[in-house]
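Okay, so the sequence shown: first residue is 1 according to my numbering, each after it adds one.
Think of the hints as simulated: they come from the structure by calculation, not from any bench. Careful, some of the hints might be misleading.
Claimed, not checked - In silico DMTMM-like pairs for lysine to aspartate or glutamate, Cα to Cα no more than 25 Å straight-line:
(1) K9 x D83
(2) K72 x E14
(3) K10 x D83
(4) K10 x E90
To be verified - Quick list of the computed label-pair ranges, beta carbon to beta carbon:
(5) Y55 x E91: 35 to 43 Å
(6) D64 x L28: 14 to 22 Å
(7) A51 x E90: 38 to 46 Å
(8) D83 x W33: 27 to 35 Å
(9) S65 x E38: 15 to 23 Å
(10) D83 x L54: 38 to 46 Å
(11) G57 x D83: 15 to 23 Å
(12) K9 x L76: 15 to 23 Å
For each residue, glycine too, the CB sits at the ideal point set by N, CA and C.
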Amino acid sequence: MDHKENLTKKTWSEFRSTGLLLFVNMLLHIFGWVIVVEDSDTYECPLSYPARTLYRGFPEKAVDSSYARLGKYLELNSKELFDEADYTQEELNG
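Let the sequences and hints guide you as you build the complete structure.
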């Protein structure tokens, strides 16, 4: 099977708008890393790269905004995400 069939290309801007970029970067900050996206309106990645950082965390307002966007993303996409996971009844029942 061609793995490209399982991919839907998105922009960095769309990824950022879900709150996922900040969420992922919060985890990476623990290890002193970050994903930098300088140009969020392109499919191309030359202006996005991993970097080492001295930062450890984000301002509370940015985190609150990210959580709200993540919540909205989950509200709008939870059924599709669940269906894509293709769980068996046994997995669902624990």
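Against the structure, the hints:
Restraint check for K9 and D83: satisfied, since their Cα atoms lie roughly 20 Å apart, inside the 25 Å limit. Taking the CA atoms of K72 and E14, the gap is about 13 Å. The hint holds against a cut of 25 Å. Using a Cα cut-off of 25 Å, the hinted pair K10 and D83 holds, with the two alpha carbons roughly 20 Å apart. The suggested pairing of K10 with E90 is violated, with an alpha-carbon distance near 33 Å, which exceeds 25 Å.
Between Y55 and E91, the C-beta spacing of about 38 Å keeps the proposed range 35 to 43 Å intact. Between D64 and L28 the Cβ separation comes to about 19 Å, which falls inside the hinted range of 14 to 22 Å. For A51 and E90, the Cβ-Cβ distance of about 43 Å falls inside the hinted range of 38 to 46 Å, so the restraint holds. Roughly 33 Å separates the CB atoms of D83 and W33, a value that falls within the hinted 27 to 35 Å.
At roughly 20 Å, the beta carbons of S65 and E38 sit within the given window of 15 to 23 Å. Here the CB-CB span from D83 to L54 is close to 42 Å, well matched to the stated 38 to 46 Å. Checking the proposed 15 to 23 Å range against G57 and D83 shows it is violated: the Cβ atoms sit about 35 Å from each other. A hinted range of 15 to 23 Å for the beta carbons of K9 and L76 is consistent with their spacing of about 19 Å.
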